[in-house]
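Let chain Z serve as the given structure and place chain C on it in line with the hints.
So the protein sequences, as listed, match chains Z and C. The numbering of the first sequence is the working numbering, which starts it at 1 and goes up by one. The numbering of the second sequence is the working numbering, which starts it at 1 and goes up by one.
Mixed in with the good hints, there may be bad ones.
Copies of one chain are not kept apart here, so a pair can be met inside one copy or by any two copies together.
Claimed, not checked - List time: in silico DSSO-like cross-link candidates among lysine-lysine, alpha-carbon distance up to 30 Å:
1) K83 / K23
2) K23 / K166
3) K23 / K196
4) K208 / K10
If you are wondering where the hints come from, they were derived from the structure by calculation, not from laboratory data.
Protein chains: 2
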Amino acid sequence: MFKMNENYLKLPGSYLFSMIGKKVNAYAEEHPDKKIIRLGIGDVTQPLAPVVIEALHKAVDEMGHAETFHGYAPDLGYEFLRKAIVEKDYQARGCEIALDEVFISDGAKSDSGNIGDIFALENKIAVCDPVYPVYVDTNAMSGRTGEYLEDLQRWSNVVYMPCTAKTNFAPELPSEEPDLIYLCFPNNPTGSTITKKELQKWVDYANKIGAVIIYDAAYEAYITEEDVPHSIYECEGATSCAIEIRSFSKNAGFTGTRLGFTIVPKALKCGETSLHSLWARRQGTKFNGAPYIIQRAGEAVYSEEGQKQTKEQINYYMKNAKVICEGLMEAGYTVSGGVNAPYIWLKTPDKMTSWEFFDYLLEQANVVGTPGSGFGPSGEGYFRLTAFGSYENTLEAIERIKRL
Amino acid sequence: MFKMNENYLKLPGSYLFSMIGKKVNAYAEEHPDKKIIRLGIGDVTQPLAPVVIEALHKAVDEMGHAETFHGYAPDLGYEFLRKAIVEKDYQARGCEIALDEVFISDGAKSDSGNIGDIFALENKIAVCDPVYPVYVDTNAMSGRTGEYLEDLQRWSNVVYMPCTAKTNFAPELPSEEPDLIYLCFPNNPTGSTITKKELQKWVDYANKIGAVIIYDAAYEAYITEEDVPHSIYECEGATSCAIEIRSFSKNAGFTGTRLGFTIVPKALKCGETSLHSLWARRQGTKFNGAPYIIQRAGEAVYSEEGQKQTKEQINYYMKNAKVICEGLMEAGYTVSGGVNAPYIWLKTPDKMTSWEFFDYLLEQANVVGTPGSGFGPSGEGYFRLTAFGSYENTLEAIERIKRL
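Bound-form chain Z, shown alone:
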């Protein structure tokens, strides 16, 4: 008689964004006349850049002729894309990453979920609190997080690193030593960042205690301040302790196009074994690469035109971030984020819980955001808005909130 993975039954509720989706759909069905503005899920709204569209058409044409047709992609991804990544994302910032340390994938969500495969189940994870739910949920699914303590809204075997107003929403080195440390900067959901000097402390700490940092840099393109690192490999010694996960979703609008990559440096070892060889085996066995035409689209992002056009998209969203931040402050809200990140983290007014404020905003302003408590217990009393809407909708949403 077969047995299911019982760890799944321990997961509280459904995945945060599915839950939001259901609530919004129910409201929309009941109020078909209302114009709902969605600043909840971090989904982009601007179309793909012209140079990306052009690359896609060209690659599609190639797939239509036997001489230029592409079947299975190379295990790590096409070299043309890995080369662009190594040059533009790493060498340009003084980071020495080799071509075969880049693993092209279908996105940062898959990679940050699947990376757990190469670690033993007995590793203890540390996460920021609040945090992108995928890190914790995927570890819970594999049985690494102990029991879910409903009253505390915490797992029994996870090291939580509170990121509160007191620490400017940055984590502090934990008192209990973890084995795997998930960090995400610029941060989702709080929009906070840390300086290179601060990140260096984490790298030194991980190297000292023998922990691995899983560094999610999906939002690096939104960094505007000088001393904020774009890659963890800007820090000394990071190649012996850090895996970096990147995405094309937010820097080039690929949420529905699906492309990302993960860097596993060969210097990152467990005894004699390089984690690089384990991830290569994992991806070679359980994944068959991102589509050729999508990898060509990714390459176009790195072209001169691509960099210019995607930068314009980012500026567009950052203009929204400014509208949200300034508007909310005018309306008396306490806000952070929005400077090096497309996320604005606001304190709910009148001691409302995060979900109370969600309902309030949905019903009174027809604006959808994300309840902070969905990202962890320290997110309670906070709320995330994203800058990924259209400029017009963002303006209108903020006007509506101001009028409340």
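Same frame as chain Z, but now just chain C:
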């Protein structure tokens, strides 16, 4: 101090096709003058069908405009594609599969590797021997297969179901009861099939002992004989014991385009819990969908034109299969497969081992095939050739083999 997943270290050698790739590349580098014909890995060579190319271009254009842009896809995949699948692959064959029992993915390899996530680690798997390596390797990675016994080329905790000439390369019900049974028909690597009546026995067996059948139907489009089922759901009672995995790679040439789907019927339960809810959670948390433009390409496969054009591709490959089968028989080889499948399974001559014959064929005829032993111990002394080459190359390869 972090610990890696030690199960990875138990895996023998590297993934079969990576190993072949390395051998072939080494040979090609040493002999740049030789024209190597690859009939090894099951990769297609015919370009995407015109109607698919057209759908891709149209979808790419949509992604270039804000009004028609698509961000994150719905969790299960777009309804337009799931609808086509339900109607054409299932309802048309009298199978009752609901729209929300279809999970669109980036391919059958990912799904057959990831499906293990939703089962407890203590389940015992049964696999055909020989078998597509992904089923065993992914279970080995998660620690489900015990120890690898080098001398026996077997895992200590796997039920092997020998598929030999004696049984016409079909498995027999195992004497030891497994929890998860992997079946693939038409079979990779042997090209064998079983009738609907025979498959019904497996369904009845699984329902009786409380096992789950993971049914890989990636090659169903190659079926030419009437009594061979295209889906396991053609069998009575299959929805309470079977998960079916399908691919666009072989029926529409999507190996480099990446699209597949998995059916998890809601009737398939462990106690009160539907496995459907577990897989929905797994995919919702660790995957972000196949690209919109690729899902539109998949939809085009189901159009009237699409069905006609992809059928032509299949006929093209099956003509190759005939060339291989007949040519090898003329040359005195013992062959099977190639009638309902694009794979030809041949007995190596002169008691050569599979890898000896691989080297022999590579060096003497510059033809690449796949050693049968790479698929399991009962594959020793056998060799797989695929019909996925071009017609010209296939003809030439067989002429070369005949001349040996």
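Taking the hints in turn, this is what the structure says about them:
Only between protomers do K83 and K23 lie at most 30 Å apart by alpha-carbon distance; the minimum there is 25 Å, versus 43 Å within a single protomer. In the homo-oligomer, the alpha carbons of K23 and K166 never lie at most 30 Å apart, since the shortest distance is 32 Å inside one protomer and 59 Å across protomers. Neither within a single protomer nor between protomers do K23 and K196 lie at most 30 Å apart by alpha-carbon distance, with minima of 40 Å and 44 Å respectively. Proximity of K208 to K10 under the C-alpha cut-off of 30 Å is restricted to the inter-copy arrangement: shortest distance 29 Å between copies versus 33 Å within a copy.
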